[in-house]
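> As they're listed, the protein sequences go chains A and B.
Residues in the first sequence are numbered from 1 upward in steps of one, following the UniProt record's numbering.
Residues in the second sequence are numbered from 1 upward in steps of one, following the UniProt record's numbering.
Simulated from the structure, these hints should not be mistaken for laboratory data.
Hints are not guaranteed to be accurate.
Listed below are the simulated DMTMM-like cross-link pairs for lysine to aspartate or glutamate, each with C-alpha atoms no more than 25 Å apart in a straight line [claimed, not checked]:
| hint | chain 1 | residue 1 | chain 2 | residue 2 |
| --- | --- | --- | --- | --- |
| 1 | B | Lys115 | B | Glu97 |
| 2 | B | Lys509 | A | Asp314 |
| 3 | B | Lys712 | B | Glu651 |
| 4 | A | Lys223 | B | Glu439 |
| 5 | A | Lys223 | B | Glu97 |
| 6 | A | Lys224 | B | Asp860 |
| 7 | B | Lys767 | B | Asp792 |
| 8 | A | Lys306 | A | Glu464 |
| 9 | A | Lys223 | B | Glu494 |
| 10 | B | Lys811 | B | Asp792 |
| 11 | A | Lys477 | B | Asp175 |
| 12 | B | Lys451 | B | Glu439 |
| 13 | A | Lys339 | A | Glu301 |
| 14 | A | Lys214 | B | Asp336 |
| 15 | A | Lys194 | B | Asp258 |
| 16 | B | Lys505 | A | Asp47 |
| 17 | B | Lys59 | B | Glu97 |
| 18 | B | Lys793 | B | Asp773 |
| 19 | B | Lys972 | B | Asp860 |
| 20 | A | Lys262 | B | Glu866 |
| 21 | B | Lys969 | B | Glu808 |
| 22 | A | Lys477 | B | Asp860 |
| 23 | B | Lys509 | A | Glu253 |
| 24 | A | Lys462 | B | Glu135 |
| 25 | B | Lys519 | B | Glu662 |
| 26 | A | Lys292 | B | Asp895 |
Covered stretches of chain B (chain A as the covering partner; in silico rule of three or more C-beta atoms under 8 Å from a C-beta of chain A) [what the hints assert, rightly or not]:
| hint | segment |
| --- | --- |
| 27 | 73-86 |
| 28 | 398-407 |
Listed next, with one range per pair, are the computed distances between beta-carbon atoms [said to hold, decoys possible]:
| hint | chain 1 | residue 1 | chain 2 | residue 2 | range |
| --- | --- | --- | --- | --- | --- |
| 29 | A | Ser457 | B | Pro159 | 55 to 61 Å |
| 30 | A | Lys274 | B | Tyr558 | 49 to 55 Å |
| 31 | A | Gln140 | B | Pro159 | 53 to 59 Å |
| 32 | A | Lys477 | B | Ile284 | 32 to 38 Å |
| 33 | A | Lys109 | B | Trp310 | 38 to 44 Å |
| 34 | A | Gln429 | B | Pro899 | 50 to 56 Å |
| 35 | B | Pro899 | A | Glu227 | 29 to 35 Å |
| 36 | B | Ser665 | A | Glu230 | 38 to 44 Å |
Glycine residues also receive a C-beta, built at the ideal position from the N, C-alpha and C atoms.
Each chain, letter by letter, is given below.
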Amino acid sequence: MPEIKVTPLGAGQDVGRSCILVSIAGKNVMLDCGMHMGYNDDRRFPDFSYITQNGRLTDFLDCVIISHFHLDHCGALPYFSEMVGYDGPIYMTHPTKAICPILLEDYRKITVDKKGETNFFTSQMIKDCMKKVVAVHLHQTVQVDEELEIKAYYAGHVLGAAMFQIKVGCESVVYTGDYNMTPDRHLGAAWIDKCRPDLLITESTYATTIRDSKRCRERDFLKKVHETVERGGKVLIPVFALGRAQELCILLETFWERMNLKAPIYFSTGLTEKANHYYKLFITWTNQKIRKTFVQRNMFEFKHIKAFDRAFADNPGPMVVFATPGMLHAGQSLQIFRKWAGNEKNMVIMPGYCVQGTVGHKILSGQRKLEMEGRQILEVKMQVEYMSFSAHADAKGIMQLIRQAEPRNVLLVHGEAKKMEFLKQKIEQEFHVNCYMPANGETTTIFTNPSIPVDISLGLLKRETAIGLLPDAKKPKLMHGTLIMKDNSFRLVSPEQALKELGLAEHQLRFTCRVHIQDPRKEHETVLRVYNHLKGVLKDYSVQHLPDGSITVESILIQATAHSEDQGTKVLLVSWTYQVGILEDIHFNQF
Amino acid sequence: MAAHLKKRVYEEFTKVVQVSAEGSELCRVTPQQHEDLSAKKLRLTKPSKSAALHVDLCKATSPADALQYLLQFARKPVEVESVEGVVRILLEHYYKENDASVRLKIASLLGLLSKTAGFSPDCIMDDAINTLQNEKSHQVLAQLLDTLLVIGTKLTENPSVRMRLVEVACKHLTDSSHGVRNKCLQLIGCLGPVEKGVAKEAESQAAKDVQKIIGDHFNDQDPRVRTAAIKAMLQLHERGLKLQQAIYGQACKLLADDYEQVRSAAVQLIWVLSQLYPESIVPIPSSNEEIRLVDDAFGKICHMVSDGSWVVRVQAAKLLGSMQQVSSHFLEQTLDKKLMSDLRRKRTAHERAKELYSSGEFSSGRKWGDDAPKEEIDTGAVNLIESGACGAFVHGLEDEMYEVRIAAVEALCMLAQSSPSFAEKCLDFLVDMFNDEIEEVRLQSIHTMRKISNNITLREDQLDTVLAVLEDSSRDIREALHELLCCTNVSTKEGIHLALVELLKNLTKYPTDRESIWKCLKFLGSRHPTLVLPLVPELLSTHPFFDTPEPDMDDPAYIAVLVLIFNAAKSCPTMPALFSDHTFRHYAYLRDSLSHLVPPLRLPGRKLVSSPVSPSITPHEDPSQQFLHQSLERVYNLQHLDPQGIQELLEFTIRDLQRLGELQSELAGMADFTATYLQCQLLLIKALQEKLWNVAAPLYLKQNALASAAAKQILEETYKMEFMYSGVESRQVVIIHHMRLQAKALQLIVTARTTRGVEPLFGMCEKFLQEVDSFQRCFISELPQMQGSFVDKLLDLMPRLVTSKPSEVVKILQTTLRQSTFLHLPLPERLHRASANIIEPTGESDNPLRFTSGLVVALDVDATLEHVQDPQGTVKVQVLYPDGQAQLIHPKPADFRNPGPGRHRLITQVYLSHTAWTEPCQIEVRLLLAYNSNKSKAATKIAKSTWNESLEALPQPENGIEGTIPFSKPVKVYIMPKPARR
């Protein structure tokens with residue numbers, strides 16, 4: 001029985017280091033190639049030795065697909081392709097291809113230049129790796145080889161995030177990557193058609209959460225910022241360079257525009273500026289509003305948001321500043337925080353999750369006195385707010401996607417085991433499909449029941465459909481024909497055609513039957529009697545009396561001979577071919 | 001057949017020769033003859049077309065050629081008489097033709113031809129059905145069925161024809177091509193028997209149940225056919241057939257179809273069924289419970305709000321709004337979304353806001369973990385995909401496509417209007433929509449809120465969110481919000497205070513909103529007198545012991561506060577006691593200057609200025625209306641007094657009417673209209689009273705200035721009367737035209753007396769007589785009511801006038817003009833004068849608008865228009881430069897908005913340019929109403945009743961009289977084109 005095998009090398013009952021191996025109909029595909037944020041040793045990259053111990057990866061893998069540019073989905077790519085060695089094609093969408101190297105370079109800089117690690121991939125490796133990348137468009141069917149084809153669907157989440165359908169023959173797998181089912185200020189919602197894959201591999205970050213409407217959060221955020229600015233205070237928003245930062249920028253930009261506000265908004269330079277450039281370029285990947293208005297004005301060409309300069313932090317009057325990094329643990333955001341923390345008019349808004357130990361986490365948990373380097377005590381008088389802006393689908397969103405795609409099996413990755421358990425149970429209960437949640441390194445095998453296409457000649461099809469009632473899509477239909485299996489192909493042809501092709505002669509089966517009748521008359525009289533009777537009974541058929549003394553009814557032949565021993569008994573010889581329906585109408589018992 | 005055709009063709013050819021000979025003889029044509037001629041003219045050109053077609057098609061050597069001929073032929077219309085002939089020719093070629101594409105074109109032409117107005121296609125039906133028999137090509141078959149559909153729709157009254165066509169359609173339903181099946185279903189849907197009785201009578205095979213036939217195709221293998229089947233079913237419903245409840249189950253299955261158009265149509269079908277059988281009971285699958293059909297359908301449609309295709313989502317969201325019979329339990333579920341975090345129940349932001357509000361600590365800051373999840377949830381009880389209506393609107397309002405969001409808001413509005421409890425619940429969601437990213441959605445939700453505002457009371461936190469939108473830079477949004485505030489209920493005095501503060505903030509930010517804000521505060525005050533009362537001392541900043549400085553009376557903010565207080569004081573007699581002295585003074589001032597905003601108050605030591613009109617009197621018995629009618633009657637009755645008396649009476653009446661118009665805004669249109677009319681009459685009388693008529697002609701070249709000026713003015717006024725008022729009926733138009741005719745007569749007389757020589761008079765007389773003639777033709781039906789009028793007399797004298805010399809004509813005219821009676825002007829029910837008010841530019845700025853000469857500067861113009869019909873076509877902006885140069889600008893149609901019935905708003909940009917000036921100088925900007933007498937009501941009547949061709953030849957005296965009427969006060973703008981620097 002054909003089967004699909006899935007082995008997560010990362011992201012199995014875990015978040016981070018997404019890397020999933022799929023073998024489908026003899027093709028091996030690797031989905032994502034990410035790193036783990038939590039480790040600094042070998043564990044940060046997936047264990048590629050699992051794939052093959054000796055021998056090149058290229059021989060084993062048919063292609064690699066990257067769903068989006070987050071490092072936990074693409075961070076290990078240069079290591080995998082350049083250091084471990086893979087020369088096959090790597091597929092990703094255009095925006096991902098554009099932004100991915102920036103992030104990888106940034107990641108490399110931090111690891112190598114700041115932490116001083118060696119034996120790490122180099123800038124040149126990133127470049128070489130990106131040369132192997134094949135960019136795909138949304139809904140474009142790409143033939144990897146003659147049998148394997150892939151197709152990207154929109155996934156929301158971040159710019160260029162995509163879900164991929166991998167298809168070999170009529171077996172298919174859909175991998176969602178990370179996706180978002182509710183639209184936000186700059187991206188639309190994930191969408192997939194009713195492709196009915198054999199297996200849907202979906203993320204499950206928020207498997208046990210149903211989230212509130214985004215509007216309330218947005219409104220709260222805007223209100224907080226607006227009030228502070230009106231009071232003359234300064235607002236600090238620590239963000240990571242990509243993704244949420246752009247969403248919040250759009251949010252504030254449009255609000256400023258709408259409300260006619262004048263206070264300046266600043267954006268820390270560097271990485272973010274570069275990224276904004278790509279957001280401007282890939283307008284087709286954004287949401288409806290931005291797509292529809294970009295002819296008049298590209299929303300990412302901010303009117304109110306300007307580049308930040310270190311000196312601006314001391315300017316008097318209200319302002320809003322977006323600064324990196326997002327957890328206030330270092331860099332520009334921390335510097336600005338130190339400057340502004342003492343004034344109760346100011347405010348800091350944390351738009352995302354903060355890891356324990358960072359300044360962000362401390363102030364969020366209500367600490368008011370912070371010990372900084374050099375034994376300084378920083379008293380925090382400014383207001384601290386927390387707003388969660390996250391772009392993963394919640395439990396309802398995941399269910400909605402499953403409903404849209406109608407898969408035969410579901411496999412959960414990218415989430416915590418305990419939460420997955422709940423979702424798994426729900427999916428099985430509501431959709432009546434099998435749901436799997438393998439751990440890292442564990443292989444799940446799914447048996448498929450692929451339908452086998454058979455060619456049929458048009459003539460035969462027309463002839464057969466003409467016989468029966470109307471064709472009904474929902475019911476199977478019986479038809480007569482000959483199945484020829486030849487050279488790996490199946491064909492259904494008419495019997496004559498089959499005979500001709502195979503060079504066989506046609507044999508006809510005839511059935512005969514003798515009926516004894518007690519009739520003292522002469523043979524031809526008996527025949528005449530039978531003939532008259534048949535004529536009377538079978539009005540709709542052509543009954544003929546042939547000159548040689550036999551009767552034909554359609555293809556049935558009837559001959560009468562006198563019994564060799566008893567002249568009073570006549571023997572009726574009835575002979576017919578296989579396909580006969582008339583016989584039922586003839587009841588010889590009547591004699 | 002061919003012989004017959006040929007005969008026909010030749011007949012037509014011969015006719016052509018005859019008529020053209022006849023036509024050439026005619027030089028001058030009277031209207032009667034003319035019509036005759038025009039009728040012949042038609043025959044003259046067009047039959048030759050069908051003949052030509054025949055010839056062409058015979059000539060055609062290849063299918064491509066034939067196709068070309070047919071295409072050319074299709075470009076020109078064919079008139080009724082020759083349709084049948086053309087059809088026969090086409091059919092003949094159809095049978096001969098081997099090429100499918102040509103047959104297809106012929107089939108489509110047959111359909112087009114049978115659409116010809118006035119042609120009854122029953123004569124070609126048989127032929128059309130016959131062509132179906134031997135047709136092999138599916139495309140041609142589909143096209144032929146389409147033609148039959150056209151024929152059928154033209155012959156809907158004939159049941160036997162319909163029967164036959166339906167039978168034909170049923171026969172082709174088994175065709176293997178989807179196109180053919182599609183058309184068949186469409187045909188059945190459009191023509192299938194709707195009445196039960198007829199179906200039984202006919203008794204033939206086609207009397208089969210059409211619903212059954214169509215229903216069988218719900219499972220067709222082709223999605224297009226499935227869609228067509230559902231559409232056909234809907235078509236039957238539209239035509240009045242009661243659909244059977246049995247198809248509900250089938251329709252429900254179609255909701256899960258793979259194709260969006262099928263799902264979209266199925267949603268509609270389910271909706272239709274839910275409206276037909278709301279109370280039937282249907283079982284819930286996989287349980288033994290049962291629910292009402294409408295509830296079940298509601299649940300199913302709600303489910304479709306989260307469909308994968310946005311077209312379906314829009315459709316579903318729209319239909320939800322009209323399902324009002326649904327039970328409230330289901331309705332309220334649509335706003336429900338159980339939140340959880342990490343398997344623990346979480347409260348929504350809305351619930352938290354409500355709790356904060358009820359616990360009294362509204363302004364507390366937000367802490368991290370404030371929304372921390374509370375109780376654990378039983379994992380088994382959580383239903384992630386509810387089959388019911390759960391959260392449908394929550395999803396709809398958060399949708400990616402704004403079309404869906406708008407549809408959801410609209411649906412919410414409709415449902416909330418019928419259910420107060422639902423209105424209360426959906427408030428939070430509507431308020432959230434005020435922050436949508438698309439302005440259209442925001443505007444729509446504000447309007448929705450206004451519509452349901454009588455069902456709701458805003459909580460303070462909700463009010464806070466609502467008021468935050470006041471700072472929006474879009475004027476439309478702000479004004480919509482003001483209107484919303486006019487009719488909202490606020491629960492606390494803090495709420496009122498908050499609203500006032502925010503409105504004042506708005507006022508300082510956008511001073512142009514003044515009027516709108518005052519109006520809003522007027523209603524806010526009069527709705528919440530008891531809530532305003534405790535705020536009064538604070539608002540007026542009075543102090544129990546100390547005198548406070550008197551506020552500035554011209555401060556718009558202070559006026560706003562006063563408007564609020566005075567309107568509240570109207571129904572709160574204790575409030576005036578809190579006022580300080582200057583407040584009373586300010587009251588008196590405001591009551592006079594802003595009487596529409598400040599109500600009469602019963603103040604201590606003061607009489608009520610005017611007693612309010614008691615509501616028991618209906619507007620028709622309104623004393624002012626009575627007054628209007630009385631004064632008019634007086635004028636009309638007294639027409640035989642001596643001229644002096646009439647003049648005085650007219651003058652007084654005009655004065656009265658003008659004053660009445662100023663006082664009573666609802667009667668202003670009528671009063672002005674009649675005053676204008678009387679003014680015309682007065683001018684006419686005055687002109688005829690002139691002494692000049694008695695003096696010998698050459699002597700008074702100067703004095704006649706008055707008479708000719710009067711004539712000119714009357715003409716102008718009549719145009720104003722005709723085009724500036726909305727609601728003018730044909731009865732009034734006659735009178736107006738009559739007045740114009742009189743003015744023209746006057747003009748003629750004056751010219752006759754002042755010019756020497758007869759030559760110019762000939763032309764004028766001729767023209768005048770033509771006008772009288774056209775007047776008669778236009779208003780022939782109204783003439784009997786004009787006994788004794790100028791035109792009546794003139795028409796009596798017409799034979800004489802036509803033959804006599806100009807000088808005599810003038811004499812006759814003069815006497816008739818003097819003897820004619822004064823026509824009674826009937827008043828229409830509603831009459832409104834078009835008016836415009838330029839809000840921007842205000843004309844107050846002293847800063848000149850500087851720009852480099854030769855380049856352009858854009859001037860924003862914002863104006864409100866009232867009672868202008870078709871503003872896009874008529875309203876123009878005029879710019880007058882100091883050198884007398886005038887510029888006329890046509891605003892784009894998109895610049896006009898329609899905020900309410902009869903009201904329009906023009907927001908546009910006017911581009912100015914000029915050569916360099918040495919000093920800044922003012923230009924005038926005003927709005928003009930353009931008119932074209934050709935487009936007047938009378939003229940359109942002619943165009944409809946006669947042939948277009950004959951109209952061209954007719955004398956058209958009024959043809960192309962175009963003009964403009966200024967209808968707004970001019971606004972001065974200070975500009976300064978600087979010389980370009982080199």
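> All hints, please: hold or fail.
Verification of the hints:
Distance restraint check for B:Lys115 and B:Glu97: the Cα-Cα separation of roughly 24 Å lies within the 25 Å cut-off, and the hinted pair is therefore satisfied. With a CA separation close to 28 Å, the supplied pair B:Lys509 and A:Asp314 exceeds the 25 Å bound. Taking the CA atoms of B:Lys712 and B:Glu651, the gap is near 20 Å; set against the 25 Å cutoff, the hint holds. Restraint check: the Cα-Cα separation between A:Lys223 and B:Glu439 comes to about 18 Å, which is no more than 25 Å; the hinted pair holds.
For a cut-off of 25 Å, the pair hint linking A:Lys223 to B:Glu97 is broken: about 75 Å separates their Cα positions. About 35 Å separates the Cα atoms of A:Lys224 and B:Asp860, which puts this hinted pair outside 25 Å; it is violated. Restraint check: the Cα-Cα separation between B:Lys767 and B:Asp792 comes to about 18 Å, which is no more than 25 Å; the hinted pair holds. Between A:Lys306 and A:Glu464 the CA atoms are separated by roughly 72 Å; this puts the pair beyond 25 Å, and the hint is violated.
Among the hinted pairs, A:Lys223 with B:Glu494 is consistent with the structure: their alpha-carbon atoms are about 19 Å apart, no more than 25 Å. For the suggested pair B:Lys811 and B:Asp792, the alpha carbons sit about 17 Å apart, so the restraint of at most 25 Å is met. Of the pairs offered as hints, the one joining A:Lys477 and B:Asp175 holds, with about 18 Å between alpha carbons and a cut-off of 25 Å not exceeded. The straight-line distance between the Cα atoms of B:Lys451 and B:Glu439 is roughly 18 Å, inside the 25 Å bound, and the hint therefore holds.
Between A:Lys339 and A:Glu301 the CA atoms are separated by roughly 29 Å; this puts the pair beyond 25 Å, and the hint is violated. At roughly 15 Å between alpha-carbon atoms, A:Lys214 and B:Asp336 fall within 25 Å of each other, so this suggested pair holds. Proposed proximity of A:Lys194 and B:Asp258 is supported: the alpha carbons are some 7 Å apart, at most 25 Å. For a cut-off of 25 Å, the pair hint linking B:Lys505 to A:Asp47 is broken: about 63 Å separates their Cα positions.
The suggested pairing of B:Lys59 with B:Glu97 holds, with an alpha-carbon distance near 13 Å, which does not exceed 25 Å. With a C-alpha separation of about 13 Å, the suggested pairing of B:Lys793 with B:Asp773 holds against the 25 Å cut-off. Taking the CA atoms of B:Lys972 and B:Asp860, the gap is about 13 Å. The hint holds against a cut of 25 Å. Of the pairs offered as hints, the one joining A:Lys262 and B:Glu866 is violated, with about 36 Å between alpha carbons and a cut-off of 25 Å exceeded.
For the hint pairing B:Lys969 with B:Glu808, the CA-to-CA distance comes to about 45 Å; that exceeds 25 Å, so the pair is violated. Our distance criterion of 25 Å between C-alpha atoms is broken by A:Lys477 and B:Asp860, whose separation comes to about 72 Å. At most 25 Å may separate the alpha-carbon atoms for a hinted pair to count; B:Lys509 and A:Glu253 meet this at roughly 19 Å. With a C-alpha separation of about 18 Å, the suggested pairing of A:Lys462 with B:Glu135 holds against the 25 Å cut-off.
For a cut-off of 25 Å, the pair hint linking B:Lys519 to B:Glu662 stands: about 20 Å separates their Cα positions. At roughly 20 Å between alpha-carbon atoms, A:Lys292 and B:Asp895 fall within 25 Å of each other, so this suggested pair holds. Given a C-beta distance limit of less than 8 Å, the hint that chain A covers the segment 73-86 of chain B is violated, as 0 residues qualify and 3 are needed. Only when three residues or more bring their CB closer than 8 Å to a CB of chain A does the claim for the segment 398-407 of chain B stand; here the count is 5, and the claim holds.
Hint check: A:Ser457 to B:Pro159, Cβ distance near 46 Å, so the stated range 55 to 61 Å is violated. A C-beta distance of roughly 53 Å is found between A:Lys274 and B:Tyr558, which places it inside the suggested range of 49 to 55 Å. Distance hint check: the CB atoms of A:Gln140 and B:Pro159 are about 55 Å apart, consistent with the given range 53 to 59 Å. A hinted range of 32 to 38 Å for the beta carbons of A:Lys477 and B:Ile284 is consistent with their spacing of about 33 Å.
A C-beta distance of roughly 43 Å is found between A:Lys109 and B:Trp310, which places it inside the suggested range of 38 to 44 Å. The supplied range of 50 to 56 Å is met by A:Gln429 and B:Pro899, whose beta-carbon atoms lie about 53 Å from each other. With their beta carbons about 32 Å apart, B:Pro899 and A:Glu227 fall inside the hinted range of 29 to 35 Å. Hint check: B:Ser665 to A:Glu230, Cβ distance near 40 Å, so the stated range 38 to 44 Å holds.
Checked against the numbered hints above, the structure breaks hints 2, 5, 6, 8, 13, 16, 20, 21, 22, 27 and 29 and satisfies the rest.
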